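Listed below, chain by chain, are the residues.
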Amino acid sequence: MGETLLQLKNVYQVYGSKMRRFTALEDINLNLSVGEFVALLGPSGCGKSTLLRIIAGLQEASQGNVLYRSKPLNGINPYASIVFQTFALFPWLNVLENVLLALKVKGIEEPERTRKAEDLLDRVGLDGFESAYPRELSGGMRQKVGFARAMAVEPELLCLDEPFSALDVLSAESLRSELLELWTEGKIPTQSILMVSHNIEEAVFLADRIIVMDKEPGRIIAEHKIDLPHPRQRKSSEFQLHVDEVYAILAGQTQSEQEELGTAPGEAGYTRYLPEIAISDLTGLLEHLDEFEQTKHDIYLLEDELGIDSDHLLSLAEAAELFGFVSIAKGDIEITPLGQTFAEASILARKEIFASRARRLPLMQWLLKMLSNAEKHQLKWNVIQTALSLEFPPDKTDSQIETLINWGRYGELLTYDDGSEIISLETKPDKTPVPQTI
Amino acid sequence: MTPNSRFFHTTHRSSQSFTWGDLIAVVLIVVSLYVGARLAFDAPTVISGPDISLSPSNLPWYAVLSVGRMTAAYALSMLFTLIYGHLAAYHRRAEQLLIPLLDVLQSVPILSFLPVVLLSLSAVFPEAIAAELASIVLIFTSQVWNLTFAWYQSLVTIPKELREASLIFRLNSWIKFKNLELPFGMISLVWNSMMSWAGGWFFLMAAEIFTVGSLDFRLPGLGAYLHEAANQSDYAAIGWGLGALILTVIILDQLVWRPLIAWSDRFKVEMVENDNPPTSWFYNLISNGRIANWLSKRILSPISQFIDRVMLRQFPMPLEPPTGRKSHLWSLIALTTIFSLGVLYALYRAGQMLIMIPFGQWTQIWIGALITLLRVTIAMTIALAWTVPLGVAIGTNQRLAAFLQPIVQVTASIPATALFPVILLFVVNLSGGLNLAAVILMLMGTQWYLLFNVIAGASAIPQDLKYTAQLMQLTPWQRWRILILPAIFPYLITGAITASGGAWNASIVAEYQNFGGKALSVMGIGSLIAHATAFGNYPLLLAATLTMVLVVVLINRLLWKRLYLLAEEKFRME
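Going down the list, the sequences are from chains A and B.
As numbered in the numbering used here, residues 1 to 438 make up the first sequence, in order.
As numbered in the numbering used here, residues 1001 to 1574 make up the second sequence, in order.
Hints in this document: simulated from the structure, not taken from any laboratory.
It should be emphasised that the depicted structure is a prediction, and the values quoted were computed from it without experimental measurement.
Misleading hints may appear alongside valid ones.
Straight-line Cα separation of at most 30 Å, DSS-like style, residue types lysine-lysine; simulated pairs [what the hints assert, rightly or not]: (1) B:1570 <-> A:396; (2) B:1268 <-> B:1178; (3) B:1570 <-> A:376.
Here chain B is said to cover these stretches of chain A; the calculated rule only asks that three of the stretch's residues, wherever they fall, bring their Cβ under 8 Å from a Cβ of chain B [to be verified]: (4) 74-82; (5) 90-98; (6) 102-112.
Ranges of calculated distance between the beta carbons of each label pair, as one might list FRET restraints [as the list claims (entries may be wrong)]: (7) A:122 <-> B:1263: 28 to 34 Å; (8) A:373 <-> B:1336: 45 to 51 Å; (9) B:1269 <-> A:125: 21 to 27 Å.
For glycine and all other residues, C-beta sits at the position ideal for the given N, C-alpha and C.
Chain B extracted, bound-state conformation:
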């Protein structure tokens, strides 16, 4: 986990709270939600899910299916990232719209879209395909924003002189992409891919186990296997399922991400050697192997040379800069106008749909939102209460770190949504069982981000400052107030932003569950969304989803963004 991914765009000294880009972003979200809700009217009222077999011999196949969905979504994310980032980085006008849009989109609770996406897709496609597509769309929306942001950031931070060199030596777009842009962004892309992938599991599992009322949207995969196992209280199967899940995550980590990180170290821009570069046993094995050597020399290198030659011949850099293309501009204006008219019409219809909702339901929505907010706050408080002391202990104590770090990492790698049915199995018979389970799920979705960030922050406290604190003979309380808390503050905020997003997402799954053949629910905006889905109340679905999006975006803007700016300006140690 890298703690230094940037969540907000903080280039301006005095940043406005809201811009035109935000407004457009919100409008686009309203419109796409409306289109989804409108399509949902034609969704079938009964969807029978797949049969999930609990035989362990099916697990490898389920694992392949789950990883396949992740891979498809990831490929889609990369494609989107490269195009969107490029547009935002190289076209000033596009940048003014695309970056605020990205900023809003990455703070939206994506899981709240799941019902709308599922319903609208199942109105258009056959059941099985619709659920598959919905899961891929969902995972895509969870993976893509930070990747896009990272790619955009790296494109705009390419040093001016490297850009000038690529111009003066006449590198065409392809050669520039291959030799400058991609290598420059590689480390950040790899790190963010890894984070996206880890986050993607959470949504994959949620998508695989999603059922409301008579609508069973489950997908054959590891998540559904665990869900079915918990439903049937089959403890052996739960064990098998968890084992398979953890094994899959570890295998991917060891065979894909670690080697990629070790490999991408060559793309660092710093002109000094790293004391301890990232290593990977698997990378060492294959990069020294004869097969890899042969592959790169005989196959990859000639192919790359061939592509370069073709690209250079077909698209040489023009000797003179292109002159204004008027006709192009006109078609662009026409397209924009048609698109805007469509958006306005949809906005109008969305308004009509929202007006249909009786006042009582609006009150219900807002009360639900407040209750969910309360749950999120409780989960965050509990998470803070235990992660800060433990994180600081791990971060400042080498021996403790060596012992606890691997345990924490493996535990954290299990997506919370996969464990949820299992937890439910244990607490369902207690009084307030689902309430407790909901908070536990939110907690599991939030605490790791906090813990990792606190560890990173604590281990970054300079040794001199620690010595100084000792020499000044500060009491433990003074030490916390003067040294530790300010030092970890930026990291804490970074972690808390991600954590709060995770908790809101968790509420969709946590507040409404089909378990052991009956529906369980507690009050909250998440359960409202689920109810609306189950009973086909699409205006309510639209209103509740929209409210949740707005609440979370507002909390982000009014609370987290301010705290983040404060942390960046005042507490960042350079």
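Chain A on its own, in the form it takes in the complex:
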């Protein structure tokens, strides 16, 4: 392994102050060497994009040292360049002009500027599309412009921020191979690549090393080396073994019930985030698992079977685990008898099982208790919001309340009126729906 390019020592990213402090990144230690392709992998909200922005100098860490070639980084990292998830091309500039702009700012004069830009576009295979505007191109081709522009400034460190996740499957696949070709054959002056991803297969396919992160707080939980030679065969058993191992790290292991559920807001201990998933997706997952002979199943296989990405899959698995519908160990997911019952039940029976399980969640318990203590058993949204803002970061609070309301509505535990923003306890006695008069 070559010399060290980038070093992170005890990096923290903390938002807010005093009572409302939230740790986005906790004690990050990381080395990046010349010649390395490293992937940062983790569920959404684990701070991997924040980490990438700290490394690129777009954001300043609240604590800790970021060293580039042993010198502390101050401001924008002049040796780094980024390829963005949403391409970040200037829509009013054509393909050539987008690349030219990066070269112009770098101080490269005409005619060298145009020659260089055309050469770069040629290398990524965009020959003949110089005068096209981004909106005329497919996602894959837009991202090629993104790559060409990033490479125009000849960065030592190329940062990729989920560059393939906004593309369709086929374009993503071909662009990955093309990137790999440029990289492994040394066609670009880049010394090292750092890629943020939430796609496990993609990371195993491209990277030499995977750094696995987890959320709440965002931290590194494991490192996984991949020493398979390029090009890697996705169907090979070695490849699948790596995928399975990374899934096992990410999916974790079902803990004791107490640890799994966390504590209610305001109490000592840690308030658990609810995974923000739709109930119909959860039902779909359980119905799928219920179809198999064996109760145990490899998690990573579900990705293809259900046609969803690993991020979504892991959130669903987390939710199912929270409700006690499945248990997870060593990269395997096992449906519990309760899960089977739920999958096979009628709509109304499902709602009852769901309600009884949801009542166990400390956050839901807390909300229902607040409601039943309140006058008329109802509370305004912003009352709940204020109470929860001590527990969750500002951008999370609303989505957590939304999840609570969605689950509560499905389980017929509570109702919500969007107009008045009032959450109220469901009063059950009469179940016949009153027809609305028009």
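Since chain A is already given, all that's left is putting chain B on it; use the hints.
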């Protein structure tokens, strides 16, 4: 007309009704009104206006003068917009003050400032220059707020990744402005410029025809020409004047705004092709022409390249972020302190001036405000009564739209204030003539906003919903209650907010007129302001103007803003 310009800043879920920024805004308005009223003490008591010639051969020159005033005010507005918007978007502290200030300023009835501005400027400058400056200031204040708001909005909505890209590729401020900020805001700037320009006509005409008592502030221009023609009951001249006005508006529309809109389509951010992009015959003509091509290749492009090079060399993006500038901070604090002390002193003097006003006059002011409010309400009700059915008919019926839309657009393009003297000519001899004329003027100042918005709302009703309503066999009344009214509600409110502002503005011109050599007036806060101006009662002028501003701002906050939030949250179809 674009119906989706945003009038209020609605980013917070629970929005407070009043903030510190509002208070500061009101204080600044009081202070600037006081300064104006104080200066007015030195204003001459007699001002003789220009001689307006009714010969049609003068019309082109008058048109040039009128358009010139608009252009000067517009240039000023753009300059202000770019600086103010930039400050508000990039400095958090400034934003907390500047945005509420903008919010109040854009709901203030600007025309109520006209007398104060005219008097104070004519105390300082020679007559002719004072009136010119006042008209430009007035048009500026009518054009600038929505432009500034649009620019600020577009700056803060630039996608995060585009910002990050401009940082990581080290674009300096100039290159960023030229390649990111300006293109990103271009469509919104062009649309808002067009709206501002249309609104500006209303104020230009009001400024050109303003006379009270022995003070003739008229300016040579199309508005004054029409005013003079109506004064002399010269129907031929009225015809010529109207023709020239309409022609000017149409020429500007066809040769300036349509081409600009067609051109700005290239700056849209959506990554999909538009099915029917805006077109302009004039734009097609010049953009395909050889001269334009030559100009852009040989002249514009080298100049732009040269500026870029100089800017990049002179102001490269610093490698390290700037460290804290303490000395800068101190001078800022000192300046703020001096400014605040000045404001406090002026506020104190304004208070003294207001205390001088006897109780009876305050009662008069409030009764006047109520009567004007009544007139505004009547005008709005009449406007609603006819624009909603017609607007829905046009919006849901393609054939009717094709036939009526152009007629409506041309009619709406005539600024109501220009027509006012003409209307007065017809109704002045009826009983309650000015009362009727005042309501008609308010109506003309309000109805178009409503109509355009209703049309936009009705044409945005999804086809599926219309089919569903048919399948459910709703009666016409049910159809209106369940489908049409909720669907057009957000548009109706947007239109009504602008319309109500327009009606209040109209009251200044409408309630007091020098016509045919005699002064006509009806009770109302607008005529109080005019009387105070005519008789040099500056404390009353200050009090009445201030009351009007407060009443309108309060109505905006307590009624329109709430309705707007309701419309945004509950009735917006996404």
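Handout entry: Numbers of the earlier hints that this structure fails to satisfy, in rising order
Key = none
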